[in-house]
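**Q** Protein chains in written order, with numbering that gives the first Met the number 0: chain A, 0 to 112; chain B, 0 to 461.
Hint data in this document are derived by calculation from the structure and do not stem from the laboratory. Just so you know, even glycine gets a beta-carbon here, dropped at the ideal spot from N, CA and C. A hint or two may mislead.
[To be verified] Here are the in silico distance ranges between beta carbons for each label pair:
{"hint": "1", "chain 1": "A", "residue 1": "Y73", "chain 2": "B", "residue 2": "K380", "range": "17 to 27 Å"}
{"hint": "2", "chain 1": "B", "residue 1": "K26", "chain 2": "A", "residue 2": "Q105", "range": "51 to 61 Å"}
{"hint": "3", "chain 1": "B", "residue 1": "S121", "chain 2": "A", "residue 2": "P98", "range": "34 to 44 Å"}
{"hint": "4", "chain 1": "A", "residue 1": "Y73", "chain 2": "B", "residue 2": "N426", "range": "28 to 38 Å"}
{"hint": "5", "chain 1": "B", "residue 1": "W107", "chain 2": "A", "residue 2": "P98", "range": "43 to 53 Å"}
{"hint": "6", "chain 1": "B", "residue 1": "F451", "chain 2": "A", "residue 2": "V63", "range": "16 to 26 Å"}
{"hint": "7", "chain 1": "A", "residue 1": "T96", "chain 2": "B", "residue 2": "K238", "range": "30 to 40 Å"}
{"hint": "8", "chain 1": "B", "residue 1": "M406", "chain 2": "A", "residue 2": "H76", "range": "40 to 50 Å"}
[Unchecked claim] Take a look, some chain B residues computed to stay more than 10 Å from chain A by CB distance:
{"hint": "9", "residue": "K26"}
{"hint": "10", "residue": "V45"}
{"hint": "11", "residue": "N165"}
{"hint": "12", "residue": "L183"}
{"hint": "13", "residue": "I262"}
{"hint": "14", "residue": "L277"}
{"hint": "15", "residue": "Y337"}
{"hint": "16", "residue": "G381"}
{"hint": "17", "residue": "K452"}
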Amino acid sequence: MAITLISSRLPSPVPEQAEAGKSVWQRNNCVSCHTLFGHGGYEADDLTHITAQETSEYLVNYLVQPPVMRPNKYTRHPALNEADAENLVNYLEFVHTIPTLGWPPQQEEVEEN
Amino acid sequence: MKLFKRFFFRGKIDKSSARKKQFIAQKISRRYCFSAVSLFALQSVVASLGALELVIPDLPSPIPFEYGRAIHLALAVLWPLIGTMGMVYFFTTAELNREIYSPRLARWQYWVVMFFSLGIFSTLALRIGNGREYLEGIPILYVGICISLILASYNLVRTLMTDKRNITPAAATMTVGVIFLMLLLLPNTITFSNPITDEATKFWVVHLWEEMAFELTSAGFIATYFIVSGLAPRTEVEKWLYLEAVLAVVGGLYGTGHHYYWIGFPAVWLVLGSLVSLVEVIPVGMLVRMTYKGLKSTKIRSNREKLTLWLLLSSVFHHITGASLLGLFLTVPWINLYTHGTYITSGHAHLALFGSLGFAVLAGCYYILSQGSEPTLKGYKGGVLAVILLNSGLIIMSSALLVAGFMETYFWRVLGMDFMQVRFILNPYLSIRALGGAIFTLGDLLLSWRIFKAWQATRSYR
Ligand code: HEM
Ligand code: HEM
Ligand SMILES: [Fe+2]
Chain A
0 MAITLISSRL PSPVPEQAEA GKSVWQRNNC VSCHTLFGHG GYEADDLTHI
50 TAQETSEYLV NYLVQPPVMR PNKYTRHPAL NEADAENLVN YLEFVHTIPT
100 LGWPPQQEEV EEN
Chain B
0 MKLFKRFFFR GKIDKSSARK KQFIAQKISR RYCFSAVSLF ALQSVVASLG
50 ALELVIPDLP SPIPFEYGRA IHLALAVLWP LIGTMGMVYF FTTAELNREI
100 YSPRLARWQY WVVMFFSLGI FSTLALRIGN GREYLEGIPI LYVGICISLI
150 LASYNLVRTL MTDKRNITPA AATMTVGVIF LMLLLLPNTI TFSNPITDEA
200 TKFWVVHLWE EMAFELTSAG FIATYFIVSG LAPRTEVEKW LYLEAVLAVV
250 GGLYGTGHHY YWIGFPAVWL VLGSLVSLVE VIPVGMLVRM TYKGLKSTKI
300 RSNREKLTLW LLLSSVFHHI TGASLLGLFL TVPWINLYTH GTYITSGHAH
350 LALFGSLGFA VLAGCYYILS QGSEPTLKGY KGGVLAVILL NSGLIIMSSA
400 LLVAGFMETY FWRVLGMDFM QVRFILNPYL SIRALGGAIF TLGDLLLSWR
450 IFKAWQATRS YR
């Protein structure tokens, strides 16, 4: 019981733009292919700390003008409009600030490179 | 033609097994079970198409993968629920040997749960959803599911209360299980802005439904099945049931910790989750013991009881291996650090959710829908073949996923290779998974067909 109460002390409040981004994430069912905290689909990379690896300009651009997904020849990554994409990237930046106790294991090396 | 068919089947009803007292609740439970089995048949068809989509580039599909997967998960959560609702009514009346408090409420509950379940599937097909894994439908529809569970809880509690001196452990266990189902779903109808709260609450359904509430309803069902069909003496079964139930609740509750390792919660969950998960395995051992006792009994069994037993034994087998042993392995934090979020989880999910819970619900549904008719020898053999196909399909599918998962763990998590590069290496294994899925689907359709036949044969007699 006590542990449950301690656990409920979360990093709140969530910034407004990140909250908007969370609803974009949910509306588009991103979790079917990607994972956050390792929970979700297995078709694409985990995005918990993606903002440490790519710039937000790159990410917004990727979402607004999505490329063809290998090994497909035609099927593109789902697209978002500019505002949604910005909110979403803001949400991912917020997710990156959540401490995940050293998961995923290769994270430190990636960040050093 | 139809009339002729019905007439034909009526001839096969075994009169001797039809003598037991019939309750209205048992008649109502048939529609729950029938719907559950139909949804299960639908699920494997949807799933096989999804598995194909992952290995064939540019495969055209009316529903995009994101929503197809969501429908697959919604089905995985809801058909066992609907089947369990029917089983709880059936086996509670069989156990207490009296009618439930209100058959009318049970009928209403059926329409409520079906309306909202179908609502979830169809809105997802129209690409409307809430994007939380396992609970992808829009929240208001889950309120409807909650209402149906409130109706069920109320009805069951009133049933127990009408004769307080006559409450048996099995009936009580099932009622408590249903109340838990309701309480745990309720918070998931709320929208949280914090992703950590969101994840934590989600596992009250993903973990606590499967590893606590359904554990209770299944234990109650298996106990009643053994008692009612005379496979084991009542005292032998009841001696352990309460202890088993208490351990399942304690182990289940804080075992949720094994999903809380990396979601932004404090590190105490690493210790708590892994230690309490050990407790979770004890009731499984007791369940196995109970099943073994039932099996040892030398009573002559009818083919109907034997087919039910095949399904139950499959469930027990996967409960020990794919759910408990593999689950325990994944619970070790140092292992989970590397395996988390890989195909290994998917392998465990299929072995546990279908292998252990799915088979148990199918056993109950088959038993209920075939009451009053003994399968022909051909029907029995078809049923056994279906069980074999389901098991081999499941094992091929999950082994492929586990191998893919271990390679993913090594290349991606240990060596730190690029995700997409690793994903291409896994393609052959995902093809084998699709093949296993096809075998599974075959077994699924065959079993559903046998169950449909049994339903048809016993329909006119009711
Ligand atoms: C009938 C019993 C069980 C069912 C139906 C079941 C079902 C599931 C499902 C569906 C998942 C996937 C969750 C996700 O996608 O995030 C999962 C994950 C997991 N299960 Fe089970 N499970 C069962 C028993 C157990 C037991 C007994 C243990 C341990 C003692 C266990 C340990 C785990 C762990 C550690 C994970 C997380 C894997 C990861 O993502 O890293 N499970 N289980
Ligand atoms: C024909 C048989 C089946 C096939 C081909 C199949 C295929 C799939 C596929 C393609 C996914 C998506 C995984 C991904 O993102 O890569 C999935 C996930 C899942 N399926 Fe199935 N499935 C089948 C049967 C079942 C059954 C009968 C159940 C349970 C009753 C079930 C429960 C699940 C669960 C819980 C997940 C989520 C796994 C996770 O997130 O770890 N599946 N399945
Ligand atoms: Fe769990």
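**Q** Now tell me if each hint is right for this structure.
**A** Here is how each hint holds up against the structure:
1. A:Y73 / B:K380: 17 to 27 Å: Violated: the Cβ-Cβ distance is about 47 Å, outside 17 to 27 Å.
2. B:K26 / A:Q105: 51 to 61 Å: 58 Å, holds
3. B:S121 / A:P98: 34 to 44 Å: 40 Å, holds
4. A:Y73 / B:N426: 28 to 38 Å: Violated: the Cβ-Cβ distance is about 19 Å, outside 28 to 38 Å.
5. B:W107 / A:P98: 43 to 53 Å: 47 Å, holds
6. B:F451 / A:V63: 16 to 26 Å: Since B:F451 and A:V63 have Cβ atoms about 50 Å apart, the given range 16 to 26 Å is violated.
7. A:T96 / B:K238: 30 to 40 Å: Once the Cβ atoms are compared, 53 Å apart, the range 30 to 40 Å for B:K238 and A:T96 is violated.
8. B:M406 / A:H76: 40 to 50 Å: Because 25 Å falls outside the window, the suggested range is violated.
9. K26: 40 Å, holds
10. V45: 13 Å, holds
11. N165: 34 Å, holds
12. L183: 14 Å, holds
13. I262: Incorrect as stated: the minimum Cβ-Cβ distance to chain A is 5 Å, not above 10 Å.
14. L277: 17 Å, holds
15. Y337: Violated, since 6 Å does not exceed 10 Å.
16. G381: 35 Å, holds
17. K452: 36 Å, holds
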